[in-house]
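Enquirer: This is what each chain is made of:
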Amino acid sequence: MSYIAGVGLTPYGRHEGSSSLDLMSKAAAMAIADAGLKRSDIDGVLCGYSTVSPHIMLATVFAEHFGIRPSYAHAVQVGGATGLAMTMLAHHLVDSGVARHVLVVSGENRLTGQSRDASIQALAQVGHPEYEVSLGPTIPAYYGLVASRYMHEYGVTQEDLAEFAVLMRRHARAHPGAQFHEPITVADVMASKPVAMPLKLLDCCPVSDGGAAFIVSRERTGEAGIRVRGCAQAHTHQHVTAMPALSELGAEMSIAKAKAASGLAISDVRYAAVYDSFTITLAMLLEDLGLAKRGEAAARVRAGYFGRDGEVPLNTHGGLLSYGHCGVGGAMAHLVETHLQMTGRADNRQVRDASIALLHGDGGVLSSHVSMFLERVR
Amino acid sequence: MNEKLADWTMGAEAIVYQDCAACGARQYFRRSFCAACGAPSPVQKRASGEGIVYAASLVCRAATPETRAHVPYNILLVDAAEGFRMMGHGENGLAIGDRVAARFTQFAGRLVPFFEKAK
Chain C
1 MSYIAGVGLT PYGRHEGSSS LDLMSKAAAM AIADAGLKRS DIDGVLCGYS TVSPHIMLAT
61 VFAEHFGIRP SYAHAVQVGG ATGLAMTMLA HHLVDSGVAR HVLVVSGENR LTGQSRDASI
121 QALAQVGHPE YEVSLGPTIP AYYGLVASRY MHEYGVTQED LAEFAVLMRR HARAHPGAQF
181 HEPITVADVM ASKPVAMPLK LLDCCPVSDG GAAFIVSRER TGEAGIRVRG CAQAHTHQHV
241 TAMPALSELG AEMSIAKAKA ASGLAISDVR YAAVYDSFTI TLAMLLEDLG LAKRGEAAAR
301 VRAGYFGRDG EVPLNTHGGL LSYGHCGVGG AMAHLVETHL QMTGRADNRQ VRDASIALLH
361 GDGGVLSSHV SMFLERVR
Chain A
1001 MNEKLADWTM GAEAIVYQDC AACGARQYFR RSFCAACGAP SPVQKRASGE GIVYAASLVC
1061 RAATPETRAH VPYNILLVDA AEGFRMMGHG ENGLAIGDRV AARFTQFAGR LVPFFEKAK
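Residue numbers (my numbering), protein chains in the order written: chain C, 1 to 378; chain A, 1001 to 1119.
Simulated from the structure, these hints should not be mistaken for laboratory data. Since the model is a prediction, treat every value here as computed from it, not as a measurement. C-beta: ideal position from N, C-alpha, C; glycine also. Among the hints, erroneous ones may be present.
Said to hold, decoys possible - Taking beta-carbon pairs under 8 Å as the criterion, some of the chain C residues facing chain A (in silico): (1) Arg14; (2) Val126; (3) Glu130; (4) Tyr131; (5) Ala141; (6) Leu145; (7) Ser148; (8) Ala191; (9) Val195; (10) Val240; (11) Pro244.
Hey, can you work out the whole structure from these sequences and the hints?
Expert: So this is what it looks like as structure tokens:
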């Protein structure tokens, strides 16, 4: 048994003068306070990585900086899936008695701490150093390749993909911490600058500064009981060149295992938090997870299915596409927002019922997947 | 361990793949063993350079001054006739399913495979 006992999230965007450790510390302090704990209660620390300030021992660097002496601490690196992978590990750590309160934390000054070119370059290195990176692809190009194939096989159009950017922006407008609040339309997405076709600027998440944290505890620490009901991973490849067929991707494997682990079905899901580094990522994952039929996710967006008042509200903070993406913290914001929704604290974004949530993270080029069900218990 | 057959990643105008004598699997990323069955020393072979476009993305925003000089450039995944998949550059406007053949070109100071529509 494990509970998400508390959450912390900074606004995403520009945090001029803040280091990665500053942003991590800020989010960690918020999460500890939210859980009603003291810093000294934290006996486990899991952290992500920072491309701006890489370190071989970031968890202990953070623990010393923050002023805690955990009995268990290390970093985890699974790209965009890191946040949920850490949550899964924290769940097992507290469940098996290794730690009582695990702080899961990440933060990065990715926007103001380095040039945009440096960020794009750093991320392109998920490609194969000899057989891919030397060809000059970027992360959008890896996903652009996948998008071209997905569109070809399932008849998805660029206008369909644009719907996801518009939805995430509409959601972000209701969150004061989001990086972008200006409304956009499908036409705006279509007219935005080409990046790696078929992906255009507004199909891509931004680079942001920000920090996110949560506490995973063996017992609930407050009134809210948000429990990890079941989770699973799947890792099929690293490089897009070695990616299996679209019908054999890891998301389908991890969700099948997570459903088995939790005893839940997709029809039980009341709220969804799905990785959205690019519009194509979100479209594919929704369909791989079974939240929409193949090729029909965009139609569900148009029908309001994933809106705040829809059947399965999705990324109501605006996701990576519009709340922002500061690296590992990016997808952790999805979990923070899910927790706020499940505990009835999402202000004007509050959905009717978030009693059971499905979260999914993706790292690399649809390489690493983590699926997780959270459940509110009374 | 056999000597490495030179390919484009080493500056030679060739595409090389490996063929496992034990299980028949083909792999593109060079290793000293077969990733499918673990058998040692898969046989190195030169590919014909012929294949079919599996996916394509025209890169319009590059991240380094060297690559920016080439923008826009088309990145392809090509299913080689020999049964492995590879990444390469290609003519703008190539579409999924097109039959292509490789030549080689300079890109950002390196030799890279460049696919053109097969005649």
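Enquirer: Are the hints correct? Go through all of them and say.
Expert: Evaluation of the provided hints:
no. : hint   : verdict
1   : Arg14  : violated (21 Å)
2   : Val126 : violated (13 Å)
3   : Glu130 : holds (4 Å)
4   : Tyr131 : holds (6 Å)
5   : Ala141 : holds (5 Å)
6   : Leu145 : holds (4 Å)
7   : Ser148 : holds (5 Å)
8   : Ala191 : violated (14 Å)
9   : Val195 : holds (5 Å)
10  : Val240 : holds (7 Å)
11  : Pro244 : violated (10 Å)
Of the numbered hints given earlier, the model fails hints 1, 2, 8, 11; all others are met.
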